[in-house]
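Taking the hints into account, I'd like the entire structure generated from these sequences.
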Amino acid sequence: MNRMLAVARNTFRESVRDKVLYVLLFFAGVTIFGSKALGWISIGQDIKIVKDIALAAISLFGVLIAIFVGTSLVYKEIDKRTLYTIITQPMHRYEFILGKYLGLMGLLLAVTAIMTGVSAVYVLLLGGGLDAMFFLAILLIYWKLLLVTAFAVLLSALTSPILGAIIVFSVYAFGHATGVFRDLPPQFDGTVAKQVLEIAYYLIPNLSNFDIRAEAANGVPVAPAYVAWVLVYGLAYTAALLILAALAFEDKDV
Amino acid sequence: MSAIVTRELGKVYRAVGRTQMRALEAVDLNVREGEVYGFLGRNGAGKTTTIKILCSLLRPTSGEAFVLGENARTRKARGLIGYLPEQPYFYEYLTPRETIDFYARLQGLDAAARAREWEKLAGMLDLRGIADQRVKGFSKGMRQRLGFAVALVGDPPILILDEPMSGLDPLGRRSIRELILWMRDAKKTLFFSSHVLGDVEQICDRVGILVRGRLTHEGRLDELLGEQVKQVEIIVAGLSPEAARPLAARAVSHRTLDELDAFLVDGQDAANDLVRAVHGAGGRLVEFSPVRKSLEDYFIEAQEKDKAS
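Protein chains in written order, with the numbering used here: chain A, 1 to 254; chain B, 1 to 309.
Be aware that one or more of the hints could be misleading.
Stated by the list, open to error - Here are a few chain B residues that face chain A, going by a calculated C-beta distance under 8 Å: (1) 78; (2) 81; (3) 107.
No lab work stands behind these hints, which were simulated from the structure alone. Glycine residues also receive a C-beta, built at the ideal position from the N, C-alpha and C atoms.
In structure tokens:
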């Protein structure tokens with residue numbers, strides 16, 4: 001555990017130096033503050049719009065950070081050859097992968113906390129109120145980021161950052177529309193395409209499960225059982241992806 | 001017990017859409033405990049591949065590697081090895097103090113042991129003056145020193161060094177050479193690859209020569225080079241220039257040094273003949289030194305033999 005934490009600490013320290021992080025945080029800020037402009041055209045709904053856009057910004061920019069930093073995580077270590085002296089230490093390779101993941105989890109926690117803080121202060125300054133639903137929505141966004149990050153780390157152990165980013169982003173996009181794969185028009189019945197898409201439906205996590213943005217913006221409560229189920233759902237996918245990442249890295253020639 | 005053993009070690013690199021590349025072929029190494037072993041070969045001969053297999057960065061395609069009896073792929077084996085890669089890279093934003101602390105954490109050392117490790121290594125490798133500077137601005141020599149310190153974290157009995165002197169200036173090379181000798185005195189086993197033959201000749205007990213993935217020669221330096229006296233230098237006194245002239249005609253080269261004459265002769269028999277002639281001409285033998293084949297000669301011969309076959 002100590003070895004994992006040492007890797008995690010370093011990963012965190014390294015990733016906070018990544019310039020991409022600050023560019024993305026800047027645009028997240030612009031989006032959150034810009035949400036007021038949309039609020040003006042929806043009279044009486046401005047706080048709801050600001051909350052909705054702020055949550056969307058936290059989700060989108062969080063995912064972009066997870067993808068850009070996550071997919072280059074292991075690749076960069078191989079490319080810069082810093083990995084050589086690390087995995088030749090008396091540690092398991094999975095400790096390295098999990099340590100990298102933990103470091104990134106920490107980074108995303110910090111980034112989500114900053115974006116949450118900025119959004120909350122902005123909503124309060126605009127005269128709006130904050131409730132538990134707002135923060136619950138952010139918890140589920142963070143949970144989704146953990147899943148996406150695990151996928152990014154898996155691809156980081158397998159392929160180049162650019163290809164990895166494209167794949168993770170595609171899965172992210174499809175993950176918000178998995179229903180499309182299942183609810184195909186009847187003319188697809190009996191075709192190979194239907195079978196392939198059905199497999200994709202079961203393989204790709206349904207990321208819209210983590211999305212309770214509309215409920216949070218409108219103050220509509222969500223059943224605790226649903227939240228618990230989503231948390232378990234996310235954990236199961238994340239654990240499976242991390243096991244795959246560890247297995248992919250175990251015998252990798254570096 | 002042998003420190004490092006490989007049996008029929010082979011490695012084939014396969015890449016999608018490209019032809020296979022055989023980097024190692026049935027390499028049988030046997031490095032004894034406490035010896036300094038020089039692993040020689042030209043660029044691309046397979047030295048780094050072998051080292052990476054020993055350090056479990058690569059998986060062999062065939063054969064096995066053992067470190068003090070442990071399979072090289074195990075965590076226990078990694079704990080017995082200190083590894084210095086060619087041109088080591090470390091996190092640029094860390095300082096040497098933080099770097100050593102990080103690696104000591106990876107070894108599972110507690111805070112007190114980590115502090116002791118830093119004190120010991122900083123003194124040994126002269127890191128105190130740069131303790132809190134970021135690695136980012138370090139020269140090659142400084143990185144190499146830090147690399148050595150990292151390899152020594154946890155006091156492993158075996159050190160595997162990949163081209164430890166490559167890219168260093170003569171002063172840097174000397175300090176690494178001294179470190180290696182120091183490690184030898186500390187009873188560590190040193191396995192290092194190099195193509196700087198002069199360095200190897202000065203510090204190795206045994207060498208192995210790798211030619212295109214195959215270990216073509218292995219042995220003690222004196223075994224490999226010792227018996228093959230190539231030329232003999234004979235220094236004599238008391239010869240007149242007239243007496244020296246016909247003798248010079250029998251030698252490969254002749255020079256006069258103050259009152260002395262130095263002859264270089266091919267082979268031991270010719271040297272004995274010349275000494276007899278020197279005595280006959282009234283000269284006196286001052287020095288008779290066989291010029292042994294250098295490691296470089298041996299190395300080039302090994303490459304040429306392989307090319308011819």
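Going down the list of hints, with the structure as the test:
no. : hint : result
1   : 78   : holds (5 Å)
2   : 81   : holds (7 Å)
3   : 107  : holds (6 Å)
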